[in-house]
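Undergrad: Quick mapping for you: the protein sequence lines, in order, are chains A, B, C and D. Everything in the first sequence is counted per the working numbering, starting at 1 for the first residue and increasing by one. Everything in the second sequence is counted per the working numbering, starting at 1 for the first residue and increasing by one. Everything in the third sequence is counted per the working numbering, starting at 1 for the first residue and increasing by one. Everything in the fourth sequence is counted per the working numbering, starting at 1 for the first residue and increasing by one.
Keep in mind the hints are simulated off the structure, nothing from the lab. Bear in mind the structure is a predicted one, so any value in this text is a computation, not a measurement. Treat each hint with caution, since some may be false.
For identical chains, the list gives no copy identity; a pair is met inside one copy or between any two copies.
Think about it this way: if two alpha-carbon atoms lie no more than 25 Å apart in a straight line, the pair counts; the simulated SDA-like pairs of lysine to any residue are [stated by the list, open to error]:
no., residue 1, residue 2
1, Lys-38, Val-171
2, Lys-38, Tyr-86
3, Lys-38, Ser-92
4, Lys-38, Gly-170
5, Lys-38, His-163
6, Lys-38, Val-166
Protein chains: 4
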Amino acid sequence: MTAKHTSTQVAAEEKPLGSGWRERWHEVIFEADTPWGKRFDVALLVLILLSVLAVCLESVRELRETHGLTLRAIEWVFTGLFTLEYGARLISVRRPLRYALSFYGLVDLLAILPTFLVYFLPGSQALLVIRALRLLRVFRIMKLAHFVGEAQLLGAAMRASIHKIVIFIGVVLSIVLIFGALMYVIEGEENGFTSIPVSIYWAVVTLSTVGFGDIVPHTVLGRVVSAILMLMGYAIIAVPTGIVTVELSAATRAANNTQSCPSCGASDHDNDARHCKHCGTKL
Amino acid sequence: MTAKHTSTQVAAEEKPLGSGWRERWHEVIFEADTPWGKRFDVALLVLILLSVLAVCLESVRELRETHGLTLRAIEWVFTGLFTLEYGARLISVRRPLRYALSFYGLVDLLAILPTFLVYFLPGSQALLVIRALRLLRVFRIMKLAHFVGEAQLLGAAMRASIHKIVIFIGVVLSIVLIFGALMYVIEGEENGFTSIPVSIYWAVVTLSTVGFGDIVPHTVLGRVVSAILMLMGYAIIAVPTGIVTVELSAATRAANNTQSCPSCGASDHDNDARHCKHCGTKL
Amino acid sequence: MTAKHTSTQVAAEEKPLGSGWRERWHEVIFEADTPWGKRFDVALLVLILLSVLAVCLESVRELRETHGLTLRAIEWVFTGLFTLEYGARLISVRRPLRYALSFYGLVDLLAILPTFLVYFLPGSQALLVIRALRLLRVFRIMKLAHFVGEAQLLGAAMRASIHKIVIFIGVVLSIVLIFGALMYVIEGEENGFTSIPVSIYWAVVTLSTVGFGDIVPHTVLGRVVSAILMLMGYAIIAVPTGIVTVELSAATRAANNTQSCPSCGASDHDNDARHCKHCGTKL
Amino acid sequence: MTAKHTSTQVAAEEKPLGSGWRERWHEVIFEADTPWGKRFDVALLVLILLSVLAVCLESVRELRETHGLTLRAIEWVFTGLFTLEYGARLISVRRPLRYALSFYGLVDLLAILPTFLVYFLPGSQALLVIRALRLLRVFRIMKLAHFVGEAQLLGAAMRASIHKIVIFIGVVLSIVLIFGALMYVIEGEENGFTSIPVSIYWAVVTLSTVGFGDIVPHTVLGRVVSAILMLMGYAIIAVPTGIVTVELSAATRAANNTQSCPSCGASDHDNDARHCKHCGTKL
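Isolated chain A (complex conformation) (with noise of 0.2 Å):
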């Protein structure tokens, strides 16, 4: 009997040779290689997209209370099929415990227990939109290599600036706590900076340019000091846009090639290149 890891990625490369139910189901369900793993992902899908439509018409006031029953009786189907799904995919799998424990498992837990929940706590139900992240897996194991391959890339960028990024958000974080005080004692409670907590969270709406306008200052010196934070919020926009851009050049230049010449030295090349560019000798 082979072993069977709950790890996709493995279990592509070594395929299952036993043939008893159990592999066959997990071929299907956690895999995308066979016809019938392909139409479930498909299926799986679809319904996915389904039930987080339902979710969010469910939430609006005259669909509720005009369908109210029967989308109340499609949420319970889709809870029903996901219920189904996460029964089988326990089953299926080695070690039940390990996939239960995963981040898919607890993502595939968490989009059917809020059904369940909402006779305890009311409107949790909204918590269903988690199902959304069941997409992710799908995504997953469709192996749409270009976009692993991009999002791969995408990531080990974003790896690569974590040190400047915390950097980067430990500045942010002084600046809007520095100046949301500083805007409490200067505007006051009366023009709505009724506390430092708010006056930080006013700071993040201007930092950030979202600028919501609930919150305005209206004095003098409040304008100044708002005036010299938005040119702060424009300019500094700039840091994590260069860290991303300057990371995201590397690693896609790390991920060209990176032969040098035998003869002048040269690292240049491109990934094609079967002589230097310099020199002409042969790489």
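Go by the hints and put chains B, C and D onto chain A.
TA: Structure of chains B, C and D alone, referenced to chain A:
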């Protein structure tokens, strides 16, 4: 008789040899190489701009009430002229159906239809603004070599980054969905988050840093979650920027070098290449 | 007698040899090489800043009501001084007409005219803020070598990307036109989209992610279309950023050295390189 | 006895040899190499975060009214602890005055002063948020090597682009000044543009794409001018982004290579250099 194509690019290369009225019309209407062809294009450009302006003005209530008849008359004149032009195009091309179903053919039709449709569907004349799309045609015909090259460069950069952009849009939609549902649960109907779709609309307004301020969080937790969403929106914008910059940089580099190898004919060399990277021949 | 030019750059190279009062005035007023020329420029800089401040303060109702006479007197003093300076410039240059019609000559004139114009056109003294433009002159004369070089770099990058920027603006205007008309049809006058021009204004406010919130969609379809427009605005900003970054990078590189190695042909050397970094050959 | 410096960086290199109580205190308070020094820093970090939190909470009216005494007591405890720490720092350094006048010394003082000042200046305790700045010290002392390197990289990129950024700020301020005055003339006091300073504030809000919506154009011309300002703000943001990206790219490249030439000692080589660019020696 020469083979005629609706495609201007091809037609521009193989000049029509025939001299029937249809050939001459085609030359004037579809091309811009002859003096009359140029005059026709400039006249069309002015007409289109004027007609778009007329549609815009007619939508202003005060103008419609005082100069309604004049503006309506002007609209009919423009529509008449464009209908004549559409007819002339249909007649002068070799394959009218192929033109009628092409992108430009459909835009030409859509640019005149609403005036007639208004008898059945009041208000539809606002759609006459589609006429603005016709400007694209003049733009293309005028063979603004520089602009076309630059536009192709931008287009190439866009196409090269399409996979990354799809991932980015997927991430943005997921964030907006999750935060929308979350805010619906946190803030509730009494604070303006009347349904999940409305909350998702709010999340788009906030993440994109537009921040209308028509819907605004009032609870403490809602403001904390909003602040996180804003800072995400502020930082995430770095990603498409980085993608486009890197791809544009690559596209620019690729466009800059056009030497081809005298030995093997390869033409994808870098700017500073002195030897063919495929066969080593000196360039 | 030497040929004199209003162009400071040229004048700076060929020092005036004559010693008449006109030459000395010219040296003091138009140049900044002599101690008196520097003092004149600094005094002018301070005067301009003070006069701009005075104009700003005069526009504040409370200050105008309490200190109206003082501020008006100050304005006349500044205008008097600037008129004297304008006269002095006219007299001290060789070709007064050429100066009067140059960019700086016109700005100098526009900076004093509104004070006189106010007798015919009330409120026009606010245009005195044009005086701020005069700061450019001081900036240029002070020959801030570094800044001029950097500004030229930025300017070169802008000029190199002008074609792409024109295309970008064309795309933005088309989007704004189409979405403006669409929202006028969808939302209608009762929701604040009173005419197509107003809707276009709204589309600009939304696409540029400013989001005042004075006009806001209320229908479901209008909000969906708005969300699309916002996400477009959020993503499209990557394009000008990418363009400027690539061109600025190219301009920076072009400002550096571009010698190529006589032995291996590599050309990616630094400014201060004396030997090829790939093969060690002397450059 | 060894020479002691308040500068932690220097102090870290030349370990204090003496073993008096002052040396031991200095080691614990100013450094983080010993177990006790680390514990002190972590405790300080927690204390600072808690005290900032306390100040924020005290500003909330409801909490102040219900738990006012407790919060006030907590504030005094924190201030007492920080005063003790300030005293300990003053005693344990060799040159107390130099420390007291250093950046960190001043921040340490400012972090405790407001509590005492509140008897003379009500509301000044909000300034206690300055305590957040003290986090910088812990950050620095903890010698988070990676972060410090990355921060220096960001700092270097900023410093290299300072000239371009000054030009950019100058351009932004000019735009804001001119458009502010223009809108004051166009819209006037009846539409909320009550003075030129207020109009300039509005121009900053608009150009930075914050868009509060508290002041909004109402006239047709005012909206046209606003639309131009918005599109300028939307496009101009590309400039600082481009600047930072190019400089960050250069700084990253410079930081990546650290080989030094065995012959002439030069160390400013590129990543792909195989020969010293100054003397040609093989690296």
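Undergrad: Each hint should be assessed against the structure and marked as holding or not.
TA: Hints, verified against the model:
1. Lys-38 - Val-171: Only across copies: Lys-38 and Val-171 sit 23 Å apart there, 47 Å inside one copy, limit 25 Å.
2. Lys-38 - Tyr-86: within (18 Å within a copy, 48 Å between copies)
3. Lys-38 - Ser-92: within (17 Å within a copy, 51 Å between copies)
4. Lys-38 - Gly-170: Close across copies (21 Å), not inside one copy (45 Å); limit 25 Å.
5. Lys-38 - His-163: between (40 Å within a copy, 22 Å between copies)
6. Lys-38 - Val-166: The answer is between: 22 Å across copies meets 25 Å, while 41 Å in one copy does not.
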